Structure formats: C-alpha cells, structure tokens
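Novice: Sequence:
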Amino acid sequence: MLFLLAACQSDPALRSTRIGPANYQLVADRCHVMDRAQLEQDLQALAKRACPGRAGTLQNLQSRPSRQGSLFGECLRRGALQAEVRCLP
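At position 50 of the sequence shown the residue is numbered 146 (my numbering), and the sequence of numbers has no breaks.
For the record, the hints were derived by calculation from the structure and aren't laboratory data. Given the structure is predicted, the values throughout are model-derived calculations rather than measurements. Yeah, the Cβ is synthetic: ideal placement off N, Cα and C, and Gly gets one too. Hints are not guaranteed to be accurate.
Stated by the list, open to error - Computed Cβ-Cβ distance ranges for the label pairs, DEER-style: (1) G116 <-> G165: 25 to 33 Å; (2) P161 <-> L184: 26 to 34 Å; (3) H128 <-> P185: 34 to 42 Å; (4) R163 <-> P185: 28 to 36 Å; (5) P117 <-> L157: 16 to 24 Å; (6) P148 <-> R173: 29 to 37 Å; (7) G165 <-> A118: 27 to 35 Å; (8) E136 <-> L184: 26 to 34 Å.
The whole structure should be built from the sequences, with the hints applied where relevant.
Specialist: Structure, rendered in structure tokens:
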C-alpha cells in the first residue's frame with residue numbers, strides 16, 4: 097500500500113518554461129484530478145511563482161496528455177493543462 101501512495105508523491109507536477117521576455121509556458125499535470133478548475137488553480141499558483149512582479153491572465157489554455165501514471169494504474173483520473181502567461185511590471 098505504501099508503494100502505491102509513493103507513486104503519486106510528486107502530484108501535481110508543475111513546470112514553467114521561459115518562452116520570451118516576461119513570457120512563460122506553464123504546465124500542470126496531476127495524477128488525481130477532480131475537475132479542470134483544479135488544474136487552472138495549479139497554473140495560477142505556478143504563474144505567481146514564475147513572475148517576479150505580477151502575473152497576467154492565463155492565455156492559450158490547452159488540455160494535453162498526462163504523463164502521470166504507474167505500473168499499477170492508481171492514476172485513474174489524471175489530467176494535464178498547459179497555458180501561457182505574461183508577467184506584468
């Protein structure tokens with residue numbers, strides 16, 4: 097049982113990549129997703145961390161295949177969402 101819990105220990109997986117001056121591409125990937133709003137909240141939190149000042153509005157929201165999972169299939173409601181954000185001064 098402990099092994100099954102350890103498989104999703106990194107949930108959610110959050111990643112930000114700089115794609116231009118003050119522009120970032122954000123990805124939130126979860127093993128256990130309740131709804132799309134949960135992934136959007138993850139992206140908002142990630143945008144606040146990525147931007148040194150204020151984060152603008154999330155743009156170009158797109159669903160993408162989740163990379164979460166394991167051999168035992170405990171990630172039955174996985175999901176991933178991608179967005180872009182522009183940092184404001």
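Novice: For each hint, tell me whether it holds in the structure or not.
Specialist: Comparing the hints with the structure gives:
In this structure the supplied range 25 to 33 Å holds for G116 paired with G165, their Cβ-Cβ distance being about 32 Å. For P161 paired with L184, a C-beta distance near 31 Å keeps the hint of 26 to 34 Å intact. For the pair H128 and P185, the supplied restraint of 34 to 42 Å holds, since their beta-carbon distance comes to about 37 Å. Checked against the given bound of 28 to 36 Å, the beta carbons of R163 and P185, roughly 34 Å apart, stay inside it.
A beta carbon spacing of about 22 Å between P117 and L157 agrees with the range 16 to 24 Å that was offered as a hint. In this structure, P148 and R173 meet the distance hint of 29 to 37 Å, their C-beta atoms being roughly 34 Å apart. A hinted range of 27 to 35 Å for the beta carbons of G165 and A118 is consistent with their spacing of about 34 Å. Look at E136 against L184: about 19 Å separates their beta carbons, and that is not inside 26 to 34 Å.
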